[in-house]
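Undergrad: The primary structure of each chain is shown beneath.
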Amino acid sequence: MNKSIRGALGFIAISALVVGCSSTATSAPTTSGGSTSAAPTKENVTIEVMASQDWIKPSEQTLATKFEAQTGIHIDFQITPSAQYFNVLTTKLQSGQGVDLFLGQAGVSDMKLTYNAPANAVDLSNESWAKSIDPLVAAQSTVDGKLYGAEVWDVIGANYWAITYNKAIFAKYNLTVPTTFAEFETVCATLLQNGITPIYEPISDGWHQVLWFPSIGAQMNALEPGLYDKLNANQATFADDASANTAMTQLNDLYQKGYFGKSALSAKEADTSKQMASGQYAMTMSEISRGTQIAAAFPTFKATDFGYFPEPLLDNQLQPVHPAGPTWMISNKSSHVAEAKEWLDFMTSPANIQWLIDNTPDFETLPFTGAKAKWDASQQAYFDTYKAATVPVLQDGVNYVNPQWGLMGTDMVAMFTGKATPLKVLQLIDAERTLEAKAAKDTNWP
Amino acid sequence: MNNKAYPTWFAGGALLLYGVFVLVPAVLGLGFSFTDWSAYSTDIHWVGLDNFAAIFDPNSNYLSAIQNTVLFTVATIALKTVIALGLAILLTSGVKKLSYLFRALIFLPAVLPILIVGVIFQSVLNPDTGLLNSTLRLIGLGGLAQQWLTDVSIALWSVIGVDTWRGVGYIMVILIAGLQSIPRDYYEAASIDGASGRQTFWHITLPLLMPVLLVTTVLNLLYGLRVFDMVFVLTNGGPGFATQTVYTTIFQDFSLGRYGTATALSSLFFVVMLVLSFFVIRVMRPRHEG
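Residue numbers (this note's numbering), protein chains in the order written: chain A, 67 to 512; chain B, 55 to 344.
Just so you know, these hints were derived from the structure itself, not from any lab.
Computed from a predicted model, the values in this text were never measured in an experiment.
Please note: incorrect hints may appear among the correct ones.
Stated by the list, open to error - Output of the computed footprint for chain A on chain B, the stretches with three or more beta carbons under 8 Å from beta carbons of chain A:
hint : stretch
1    : 84-95
2    : 173-183
3    : 196-204
4    : 236-245
Said to hold, decoys possible - To list a few chain B residues with every Cβ distance to chain A over 10 Å, as calculated:
hint : residue
5    : PRO61
6    : LEU69
7    : LEU70
8    : PRO79
9    : LYS150
10   : LYS151
11   : SER153
12   : LEU159
13   : PHE161
14   : LEU186
15   : TRP256
16   : LEU276
17   : ASN290
18   : GLY311
19   : PHE333
Where is the CB? At the ideal position from N, CA and C, for every residue including glycine.
From just these sequences and the hints, can you work out the full model?
TA: Spelled out as structure tokens, the structure:
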């Protein structure tokens with residue numbers, strides 16, 4: 067036997083030994099939640115989940131580990147920076163490269179236009195958990211009567227975007243919660259004079275600054291009743307609407323007057339809690355669970371050290387209603403549809419939904435039957451003080467707004483940096499709506 | 055007498071693969087650039103030159119992307135060539151001690167993945183906590199601290215700077231090879247004739263290095279016109295549209311489902327690249343093949 071044959075046989079023998087050892091290790095029984103579970107049956111199955119940064123909470127990853135322990139199915143989370151997520155995901159979807167599960171922003175326009183759910187996702191209408199989702203929320207993941215997504219997202223705590231403010235800083239400078247935009251600017255000016263940057267606005271992610279405009283939609287509609295219907299019927303445009311012009315101009319003023327700070331363009335959303343805890347910033351446009359998040363990350367704070375008031379553009383005093391959040395969809399090109407459904411089934415079981423609420427600082431509640439919320443005094447005060455809007459935010463109520471979120475973000479940065487006027491930004495939004503409506507063969511855009 | 059080692063049909067396999075994976079998609083892309091193909095509809099209609107008109111519309115952002123691409127290309131060619139030439143001369147005839155170590159250090163950024171370079175420089179160029187601004191403030195030059203990646207008038211230059219830092223080592227290595235191929239006799243003769251360093255550079259080094267410089271220029275040109283990854287990881291085309299280049303715009307249009315305009319823009323640049331590739335082949339082909 068020559069050297070090379072001996073070498074090859076030796077290599078095969080060692081490889082067989084290694085493979086044999088590893089097989090023994092992975093087939094060992096696992097325990098979960100204190101009880102011994104059934105031996106995993108699908109050890110070699112990995113399902114890939116694609117999600118934007120911050121959409122997958124650490125608690126969900128823990129739940130995925132428990133799921134693996136019970137079923138043997140491994141979940142591989144592929145997290146993409148939020149500024150690039152939609153580009154990367156839509157490129158994958160449109161080029162036919164399927165992942166097993168992907169998260170997308172729910173909303174009727176998005177489900178049709180951005181994700182083309184009927185062509186790319188599995189119909190989940192008959193899943194056991196489908197009937198336990200809040201109908202208002204389920205409607206945001208539904209196209210032509212079919213449910214395509216599981217929205218495991220706090221559509222109140224994580225979706226009611228409002229101004230979070232540091233109560234101690236407000237007290238130090240004798241500031242009261244503003245009720246109009248003029249009062250808000252006075253608060254900002256006072257803070258700036260005292261060396262405090264009024265608002266932490268993370269623009270570098272590309273999406274956060276956009277929130278200021280669509281979140282004020284209900285107030286636009288209140289100032290001009292029927293505006294949503296007119297926009298959807300192509301009988302009105304943002305560029306021609308006085309309140310839209312005022313809102314965009316007021317937003318630009320906040321940036322130009324330095325209320326967002328000198329580094330807003332490079333600020334990151336992921337740093338919001340840290341920056342608010344630093345005491346260098348007094349306010350931020352955020353979910354009404356921000357206080358809980360700050361307290362969880364910085365134990366010297368209590369969640370109730372922070373309060374909330376509605377975004378004050380257009381003198382708004384309404385709570386935004388926003389039932390659309392990240393929703394879990396199963397790619398119909400996946401070869402692991404059954405396993406992906408098994409994961410959704412597991413995650414949305416009543417016990418796990420409650421476990422997620424109890425173990426996720428960002429979630430105060432989840433839109434599933436029987437879920438118990440955990441509102442604190444600041445949040446309850448917000449609910450008690452401000453009325454909820456009667457129409458949802460723009461991206462949920464007006465077609466062809468949410469699919470262009472990233473572009474709106476880019477246009478707004480162009481406005482902040484002097485390359486576009488507020489009117490120009492509104493005209494670009496209108497132009498993009500027309501483009502999308504025509505492409506979707508919307509009969510209101512002949 | 056037939057001096058070919060293999061029969062012509064041996065090229066069939068390669069031609070088939072090239073045809074299926076390069077030529078057919080390119081021709082199809084050219085065809086689709088005259089349509090309204092989009093992700094929002096399954097119907098495709100002929101729209102003539104509408105997509106090209108949209109690209110050259112003065113109000114669109116496509117023109118600024120083309121302008122940025124040209125500026126990026128010209129600036130990186132100039133910077134990389136001048137710096138790499140200076141370093142190559144320094145490391146072949148100036149610095150003798152540890153010259154291989156210096157060469158390796160200067161070449162190192164070229165082997166780093168661009169994603170890593172992007173992450174590092176996003177941190178280095180952070181206006182508040184970045185190494186660059188912190189150092190400037192530390193040495194009393196705080197006035198020079200800038201919003202490197204978020205100021206519209208600076209961002210593209212920051213990207214150019216980072217790309218130059220990454221690419222200069224690669225060009226330097228090529229130029230060192232070129233410099234070492236110049237016979238020493240010329241320098242000895244010039245030295246005997248009393249030529250100064252400057253005269254030697256202008257009348258011996260530069261003329262004899264010209265073929266190599268031409269090659270590096272063409273390589274930089276093709277790289278610059280195709281730039282995508284460096285912009286994508288550093289600024290993602292922002293702030294606003296300030297650093298959008300042709301290929302980041304194509305990527306954006308594709309991901310937004312605007313296949314028609316995306317294919318029009320990529321077809322346009324396909325033609326530009328085809329012409330430039332022809333130029334590259336002409337330049338790089340040895341004279342005697344003529």
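Undergrad: All hints are to be evaluated individually against the structure, with a verdict given for each.
TA: A quick look at each hint next to the structure:
1. 84-95: holds (count 5)
2. 173-183: As far as the stretch 173-183 of chain B goes, the hint holds, because 3 residues have Cβ atoms under 8 Å from chain A.
3. 196-204: holds (count 3)
4. 236-245: violated (count 0)
5. PRO61: PRO61 of chain B is indeed farther than 10 Å from all Cβ atoms of chain A, at 35 Å.
6. LEU69: 26 Å, holds
7. LEU70: Given that every Cβ of chain A is farther than 10 Å from that of LEU70 of chain B, nearest at about 23 Å, it holds.
8. PRO79: 12 Å, holds
9. LYS150: Its Cβ never comes within 10 Å of chain A, the nearest being 43 Å, so this holds.
10. LYS151: Given that every Cβ of chain A is farther than 10 Å from that of LYS151 of chain B, nearest at about 41 Å, it holds.
11. SER153: 39 Å, holds
12. LEU159: Since the minimum Cβ distance to chain A is about 29 Å, LEU159 of chain B lies beyond 10 Å and the statement holds.
13. PHE161: Holds, because the least Cβ-Cβ distance between PHE161 of chain B and chain A comes to about 29 Å, which exceeds 10 Å.
14. LEU186: The claim holds: LEU186 of chain B sits with its nearest Cβ about 13 Å from chain A, beyond 10 Å.
15. TRP256: 44 Å, holds
16. LEU276: 24 Å, holds
17. ASN290: 5 Å, violated
18. GLY311: Violated: least Cβ distance 6 Å, not greater than 10 Å.
19. PHE333: 31 Å, holds
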